[in-house]
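Heads up: the protein sequence lines correspond to chains Z and Y, in order. In terms of our numbering, the first sequence has 95 at position 95, counting the first letter as 1, and numbering is strictly consecutive. In terms of our numbering, the second sequence has 250 at position 250, counting the first letter as 1, and numbering is strictly consecutive.
Rather than coming from a laboratory, the hints here were simulated on the basis of the structure. Some hints here could point you the wrong way.
[Said to hold, decoys possible] Restricting the straight-line Cα-Cα distance to at most 30 Å, the calculated cross-link-like pairs of lysine-lysine (DSS-like) are:
hint: 1; chain 1: Z; residue 1: K97; chain 2: Y; residue 2: K285
hint: 2; chain 1: Y; residue 1: K132; chain 2: Y; residue 2: K117
hint: 3; chain 1: Y; residue 1: K135; chain 2: Z; residue 2: K19
hint: 4; chain 1: Z; residue 1: K270; chain 2: Y; residue 2: K19
hint: 5; chain 1: Z; residue 1: K18; chain 2: Y; residue 2: K135
hint: 6; chain 1: Z; residue 1: K18; chain 2: Y; residue 2: K141
hint: 7; chain 1: Z; residue 1: K271; chain 2: Y; residue 2: K215
hint: 8; chain 1: Y; residue 1: K251; chain 2: Y; residue 2: K269
hint: 9; chain 1: Y; residue 1: K288; chain 2: Y; residue 2: K260
hint: 10; chain 1: Z; residue 1: K97; chain 2: Y; residue 2: K141
hint: 11; chain 1: Z; residue 1: K97; chain 2: Y; residue 2: K185
hint: 12; chain 1: Z; residue 1: K97; chain 2: Y; residue 2: K135
hint: 13; chain 1: Y; residue 1: K175; chain 2: Z; residue 2: K97
hint: 14; chain 1: Y; residue 1: K285; chain 2: Y; residue 2: K300
hint: 15; chain 1: Y; residue 1: K285; chain 2: Y; residue 2: K175
hint: 16; chain 1: Y; residue 1: K213; chain 2: Z; residue 2: K271
hint: 17; chain 1: Y; residue 1: K288; chain 2: Y; residue 2: K269
hint: 18; chain 1: Y; residue 1: K19; chain 2: Z; residue 2: K97
hint: 19; chain 1: Z; residue 1: K271; chain 2: Y; residue 2: K285
hint: 20; chain 1: Y; residue 1: K141; chain 2: Y; residue 2: K118
[Said to hold, decoys possible] To spell it out: a stretch of chain Z is covered by chain Y in this simulated footprint if at least three of its residues, at any positions, have a beta carbon under 8 Å from a beta carbon of chain Y; those stretches are:
hint: 21; stretch: 7 to 17
hint: 22; stretch: 97 to 107
[To be verified] To list a few chain Z residues with every Cβ distance to chain Y over 12 Å, as calculated:
hint: 23; residue: I70
hint: 24; residue: F131
hint: 25; residue: I134
hint: 26; residue: F220
From a predicted model like this one, the values you see are computed outputs, not experimental measurements. We put the CB at the ideal spot given by N, CA and C, even for glycine.
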Amino acid sequence: MKNILILSLFTLREALSKKVFLFFIGISLLFLLVLAIIFSLIKTDSLLAFVNPAEEMVILQELLLHLRLIILSPIANLCLLLAIFSTAGFVPAMLEKGTIDLYLSKPISRAQLIIGKYLGAVLTVLINISFIIIGIWIIIAIKFGSWDPSFLWAVFTITFTFAVLYSIIILFNVITRGSIAGMMLAYFTFLILGPVLYEAKKRFGVLIESDFWRGVIDVFYYIFPKTTELMGLITVQLSSGKGIDEIQPVLTSFLFLILMVGLAIMVFRKKDF
Amino acid sequence: MAIIEINNISKTFVSSFGKKKVEALVNLTLSVEAGTIFGLLGPNGAGKTTLIKILLGITFPTNGDAMILGSRLSNFHLKERIGYLPENHRFPAYLTGGEVLNLFGRLSGLDGITLNKKADELLETVNLAAWKKTKIKNYSKGMMQRLGLAQAMINDPDIIFLDEPTDGVDPLGRKEIRDLLISLKNQGKTIFLNSHLLSEVEMISDSVGILNKGKLVKESSVYDLTESKEEYQLSVEGAHTIPYLSTQINKIDEETFNVKVSGLDELNKIIDELRKSGVLIRELKPLKTTLEDMFISIIKDSEGNKK
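Chain Z with its partners taken away, still in its complex shape (with noise of 0.2 Å):
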């Protein structure tokens, strides 16, 4: 447990070093800096001007759950794709020829590399997700007065929805002992699998009348990773204060993530370097 950690935090210590984490502290420091300039030119008193005032809390709720659901909507997305390109080098970098020499030298497991460089990326990866997210809820907050910590939730399922998606790239850095792959694979599953398979069951799969392809749609739909409902519905459901109304698209992912972790320490430990 004490090897995981140390190598987490060394893992922390490298993306801080790194010039992307700097430009994505400073995006979110633009883009919060911005979004206060814009908040302070708006008057709440002119918003609400025509709102009967016995329900002028309730609309003002209802407006900044919107607000809030306006600005996270592209943020989360932005930020989940940043990290993506910004930590799929980690794994690639300590395998490079004459430094997983040196770690593999040392008193301790193959397993224990790969977990603290996954539980690294994604504790940077919760550090960069919570400082722009804490951000907009702090500067919501001061001009609208609500400090319902609902919103938070946010940091929790975009953190979540990388960590699903990281388990990918780790697979593959791995196996290729490159980033190209696993990164494009990521891209692929969170772009283009995630919304189709979402679509093909939820949407599309009633107007399907064979069983054998709504089979077919139903096991790739539950052995792929959910992120069209992690970073859309459940997102959503918690942020506003709501509880989610299906657990599954989290426990499927979970063990998704479970399965490429443990297939990555698996090939990891049979790997001459």
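With chain Z fixed as given, assemble chain Y onto it according to the hints.
Same frame as chain Z, now just chain Y:
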């Protein structure tokens, strides 16, 4: 007592589609005594680095097994007592020298004050104390090598594997490294050294193994390999007056001869004969076989045997 015992280890590398097979090691059996410096020699591609990597669990053998400090290689806790400096090692460039020792020291199980003290002590030993807080991307190759050596010693190991430890180090630095290795040996450590600098291996090693194309072609003490074979080189003036003695004198050039004798008595008899004949002896020196001579001859022999 053997601290490293290698039994019939073979390693075959197979290309991705199984079309090409390379036998990096073939049924290699070898043992290294505790508290000695063992030099593993061989031409490029002989399998030296592969052998070290197998012993450290970085590469897996195709066949065979080995025991280090009485434990099997699969036991990774064994590495708590081992240090390793890989060839062309690459430390994470964003770290400083002190942080490198901190990272690898912590992964070796050290912590807190003990680790800090040990790191400072080692940086002092390898003359990098002033560079402790400098990022290693600013280090020269020689400095990286010295830092690598400090990293290999951070856990105060019983066995240290060094793959080309003096690579890129200037002559003064090489001397310091040699002195350090001798001092480690005097502390009872065992050093397993891969190097292509034969003169250095000869200077510090107790025994050597010579690998060629994955096979161990010679294992011997350095003394046995390089001991004088009672052969002397004689430089004279007035060579034309040399009497017929026997076939023990071989002419090298007009004034230089190699003399092969069975002992000191015979050598002195030959000198007496020469002096009686009026030959002026300018120089007489024992001929010593260098490790390099032996290495080349052994490699050539092993190549010849194959043909």
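Comparing the hints with the structure gives:
1. For the given pair, Z/K97 sits about 48 Å from Y/K285 by alpha-carbon distance, which is inconsistent with the 30 Å threshold.
2. Distance restraint check for Y/K132 and Y/K117: the Cα-Cα separation of roughly 13 Å lies within the 30 Å cut-off, and the hinted pair is therefore satisfied.
3. At roughly 16 Å between alpha-carbon atoms, Y/K135 and Z/K19 fall within 30 Å of each other, so this suggested pair holds.
4. Between Z/K270 and Y/K19 the CA atoms are separated by roughly 20 Å; this keeps the pair inside 30 Å, and the hint holds.
5. Restraint check: the Cα-Cα separation between Z/K18 and Y/K135 comes to about 14 Å, which is no more than 30 Å; the hinted pair holds.
6. In summary, the hint linking Z/K18 to Y/K141 is supported, as the alpha carbons are separated by about 23 Å, within the 30 Å threshold.
7. Distance hint between Z/K271 and Y/K215 is fulfilled; the C-alpha atoms sit about 24 Å from each other, no more than 30 Å.
8. For the suggested pair Y/K251 and Y/K269, the alpha carbons sit about 19 Å apart, so the restraint of at most 30 Å is met.
9. For the proposed pair Y/K288 and Y/K260, the alpha carbon gap of about 12 Å is at most 30 Å, so the pair holds.
10. This hinted pair checks out: Z/K97 and Y/K141 have alpha carbons roughly 17 Å apart, not beyond 30 Å.
11. Proposed proximity of Z/K97 and Y/K185 is supported: the alpha carbons are some 29 Å apart, at most 30 Å.
12. With a CA separation close to 20 Å, the supplied pair Z/K97 and Y/K135 stays within the 30 Å bound.
13. For the hint pairing Y/K175 with Z/K97, the CA-to-CA distance comes to about 28 Å; that is within 30 Å, so the pair holds.
14. The straight-line distance between the Cα atoms of Y/K285 and Y/K300 is roughly 27 Å, inside the 30 Å bound, and the hint therefore holds.
15. Simply put, Y/K285 and Y/K175 have alpha-carbon atoms about 27 Å apart, close enough for the 30 Å limit, and the pair holds.
16. For a cut-off of 30 Å, the pair hint linking Y/K213 to Z/K271 stands: about 23 Å separates their Cα positions.
17. Distance restraint check for Y/K288 and Y/K269: the Cα-Cα separation of roughly 21 Å lies within the 30 Å cut-off, and the hinted pair is therefore satisfied.
18. For the hint linking Y/K19 to Z/K97, the alpha-carbon distance of about 24 Å falls within 30 Å, and the restraint holds.
19. A distance of roughly 55 Å separates the Cα atoms of Z/K271 and Y/K285; the hinted pair therefore is violated under the 30 Å criterion.
20. Straight-line distance between C-alpha atoms of Y/K141 and Y/K118 comes to about 23 Å, which keeps the hinted pair within the 30 Å bound.
21. Judged by the Cβ-Cβ criterion of 8 Å, the stretch 7 to 17 of chain Z is covered by chain Y as claimed, because 5 of its residues qualify and three suffice.
22. For a cut-off of 8 Å, the count of residues in the stretch 97 to 107 of chain Z with a CB near a CB of chain Y stands at 11, and the three-residue condition holds.
23. No beta-carbon of chain Y is positioned within 12 Å of the beta-carbon of Z/I70; the least distance is around 38 Å.
24. Every CB of chain Y is more than 12 Å from the CB of Z/F131 (nearest about 20 Å), matching its label as outside the interface.
25. Distance check on Z/I134: its Cβ is at least 26 Å (rounded) from any Cβ of chain Y, clearing the 12 Å threshold; non-interface status holds.
26. Chain Y leaves Z/F220 outside its interface by the beta-carbon criterion, the shortest separation being 29 Å against a cut-off of 12 Å.
Checked against the numbered hints given earlier, the structure breaks hints 1 and 19 and satisfies all the rest.
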